[in-house]
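J.: As they're listed, the protein sequences go chains S and Y.
Reading the first sequence from the start, the letters are residues 211 to 454 in our numbering.
Reading the second sequence from the start, the letters are residues 1214 to 1555 in our numbering.
To be clear, the hints were calculated from the coordinates, so they are not data collected in a lab.
Check the hints yourself; a few may be wrong.
Once the Cα atoms are required to be at most 20 Å apart in a straight line, the calculated EDC-like pairs of lysine to aspartate or glutamate come out as [as the list claims (entries may be wrong)]:
id : chain 1 : residue 1 : chain 2 : residue 2
1  : Y       : 1217      : Y       : 1515
2  : Y       : 1368      : Y       : 1300
3  : Y       : 1240      : Y       : 1363
4  : Y       : 1368      : Y       : 1333
5  : Y       : 1256      : S       : 329
6  : Y       : 1245      : S       : 329
7  : Y       : 1368      : S       : 329
8  : Y       : 1368      : Y       : 1406
9  : Y       : 1256      : Y       : 1268
10 : Y       : 1245      : S       : 297
11 : Y       : 1540      : Y       : 1333
12 : Y       : 1240      : S       : 298
Residues of chain Y clear of chain S, computed beta-carbon distances all greater than 12 Å [as the list claims (entries may be wrong)]:
id : residue
13 : 1277
14 : 1376
15 : 1396
16 : 1419
What follows is a set of in silico ranges between Cβ atoms, one per label pair, in the way DEER data are often shown [what the hints assert, rightly or not]:
id : chain 1 : residue 1 : chain 2 : residue 2 : range
17 : Y       : 1336      : S       : 297       : 35 to 41 Å
18 : Y       : 1242      : S       : 287       : 55 to 61 Å
19 : S       : 225       : Y       : 1507      : 53 to 59 Å
Glycine included, each C-beta is placed from N, C-alpha and C at the ideal position.
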Amino acid sequence: MSVPLLQADVLSVVTAALSTVRDPELDESIVDLGFVRQTSVVDGHAEVRLRLPTYFCAPNFAYLMVADAYDAVSSVPSIHTTTILLEDHMSSAEINAGVASRAGFVGSFGAEATGELDDLRLTFQRKAHTACLERACQLLIAAGWSVDGLSSAHLSDLPESQERSSLLRRRGDIGLSVAEDAALFVDDSGEPVPAEQAPMRLRFARAVRVSIDGNAHFCRGLLTTRYPEAVADQKPRRTGQEAS
Amino acid sequence: MYSKDGEQYFIVDAHIALWDGSARNLKNVHGKQFIDCFYDYHKNLSPAEVVWPYDEYTYYGGDRLMKDLFTDGYVDHAIFQPARLADFYHNGFGQTEEAWALTQAHPDKLTYNHYFDPRDEQAGLDQLRLDAERFGLKGVKLYTADWHGDSRGYKLTDPWAYRYLEACRELGITNIHVHKGPTIRPLDRDAFDVADVDAVATDFTDLNFVVEHCGLPRLEDFCWIATQEPNVHAGLAVAIPFIHTRPRYFAQIIGELLYWVGEDKIQFSSDYALWTPKWLIEKFVDFQIPEDMTEYPELTTDVKKKVLGLNAAAMYGIEVPPELAIKVPAEPEAEVAVGASA
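If we strip away everything but chain S, and leave its shape as in the complex, we get (with noise of 0.2 Å):
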């Protein structure tokens, strides 16, 4: 038999499952982000309102985020039903009643959309998987090896740190070998980069971490101008520690 949750408890798991949720652009948890304004569970019933940087913020990211809130929500035990609240958005309206009625994207949106948002999650995965790549190759960089030498580098190569767990969960994500025989820098399907292309792909993986980083600025800095209280709620976002 479950013991019941005291009301503080219930809220610090449902914040928990909601930290699992990520903004699929910036590779990061939307309440580390700020994006989660209010949270409160009333008799199994749980509430969530999120807010945006913009009313513009693009509507296929902004689902997806409701979306997983919703599911992650969903999954606590003592929580029986979930409403999430997509609030000042061009597309609350459609959003906030699409994920309520389990209707998918194109249910949501109609003739707008012609499919689902998997590819969409997918590339940004491989995006966030490449960054991570990035950070875990610099810090074997700096501990003495060559980029040319990164061709046959194996996850055991890499030592407990920041940068090792985030790669493994992206790798996770796109169904990657997390084993530590695996090949560590391998491109978006597994395979290894080859010693002649590795200075070419980690040149390009940079630039995918710095698109990332900056959006991941820009987007921080935007909600805080909109929601000036949204400061107290962001955790910061600090060089070299980005992806968590």
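Knowing the structure of chain S, use the given hints to seat chain Y on it.
T.: Same frame as chain S, now just chain Y:
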């Protein structure tokens, strides 16, 4: 013209606007949210001492524009890049007649680019021919996330877009400024994706494609196509204000662009009135890559001169006084990606 430490810089601001986001012009809540979003961009990235009051920001008029750009802002020449947003504003967002009158009064200082929307199909194509003649168009600004009836965006590879680009080629409209936004049709695709720019740049090698805000938020995808397509250029709008709030981050953006895109294909733009050019130019001339970022080469004076004006002047045929051109021989170029130089 801007002078500092014995060097003189010819300044072309390649992306400016004369907009009206004031209450009288709002059609709906989206128009109000759009100008509010711009104002948040402005407040978020500007130094506190140059933040405008909200009401002035929504509509500022031609006199203020001339003062901010040419009296206070060191700009020698500026190019209008208007957004239509007809579904948000009664008279559109970019004020065509006012900007055109200002251009006619100051033809040495201003160039007027107009817009088209391929979803207007034949009627829009006919209008483009009239506009090309009326404004003497050398360039157009395309905002692919503009709302248009039940559509919230388009791709440059849509069949009608090809017909418009063919007309541009015929009419001598050689400079296509592409501004990606958050929506596209279908909505399940990434609206910021620049793959369509890649396709049309390959098919229209005689047109220049300037991707505004250097592809952000898809900097990497933009860099990748710009490396391969000699006619794809970077506009620095939105990226350059980071020079104040996050200079180390700006160093990484400009470092990546110089490597992938090359110093001949990057254009300064303030995105006025999102930001004002004076402080951007002052900070850019003073800027240097931090010494600990050894992965990026030094930002030379020649590179700064090209970015701040010479590149856009070359694209638009704007005359540069000989004393403001780069001295020959130029400084040695830094390493760039294969194909990055124009």
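J.: The structure should be examined with respect to each hint, and the outcome stated for every one.
T.: Status of each hint after checking the structure:
With a C-alpha separation of about 13 Å, the suggested pair residue 1217 of chain Y and residue 1515 of chain Y falls inside the 20 Å cut-off, and the hint holds. Of the pairs offered as hints, the one joining residue 1368 of chain Y and residue 1300 of chain Y holds, with about 18 Å between alpha carbons and a cut-off of 20 Å not exceeded. For a cut-off of 20 Å, the pair hint linking residue 1240 of chain Y to residue 1363 of chain Y stands: about 16 Å separates their Cα positions. Only pairs whose Cα atoms come within 20 Å are accepted, and residue 1368 of chain Y paired with residue 1333 of chain Y is accepted, the gap being roughly 14 Å.
A C-alpha spacing of about 35 Å is found between residue 1256 of chain Y and residue 329 of chain S, which places the hinted pair above 20 Å, so the restraint is violated. As the CA atoms of residue 1245 of chain Y and residue 329 of chain S are separated by approximately 33 Å, the hinted pair breaks the 20 Å bound. About 18 Å separates the Cα atoms of residue 1368 of chain Y and residue 329 of chain S, which keeps this hinted pair within 20 Å; it holds. For the suggested pair residue 1368 of chain Y and residue 1406 of chain Y, the alpha carbons sit about 9 Å apart, so the restraint of at most 20 Å is met.
A C-alpha spacing of about 13 Å is found between residue 1256 of chain Y and residue 1268 of chain Y, which places the hinted pair at or below 20 Å, so the restraint holds. Between residue 1245 of chain Y and residue 297 of chain S, the direct Cα distance comes to roughly 16 Å. Compliance with the 20 Å bound is thereby established for this hinted pair. In summary, the hint linking residue 1540 of chain Y to residue 1333 of chain Y is not supported, as the alpha carbons are separated by about 47 Å, beyond the 20 Å threshold. For the hint pairing residue 1240 of chain Y with residue 298 of chain S, the CA-to-CA distance comes to about 18 Å; that is within 20 Å, so the pair holds.
No beta-carbon of chain S is positioned within 12 Å of the beta-carbon of residue 1277 of chain Y; the least distance is around 23 Å. Against the 12 Å criterion, residue 1376 of chain Y stays outside the reach of chain S, whose nearest CB is about 23 Å from its own CB. With a least beta-carbon separation of about 7 Å from chain S, residue 1396 of chain Y fails to lie farther than 12 Å from that chain, contradicting its non-interface assignment. Non-interface call for residue 1419 of chain Y relative to chain S: holds, since the shortest CB-CB distance, roughly 28 Å, exceeds 12 Å.
The given range of 35 to 41 Å is respected by residue 1336 of chain Y and residue 297 of chain S, whose C-beta atoms sit roughly 39 Å from each other. Take residue 1242 of chain Y and residue 287 of chain S: their Cβ atoms lie about 40 Å apart, and the range 55 to 61 Å is violated. Evaluation of the 53 to 59 Å hint for residue 225 of chain S and residue 1507 of chain Y yields a failure: the beta carbon distance comes to about 41 Å.
Checked against the numbered hints above, the structure violates hints 5, 6, 11, 15, 18, 19; every other hint is satisfied.
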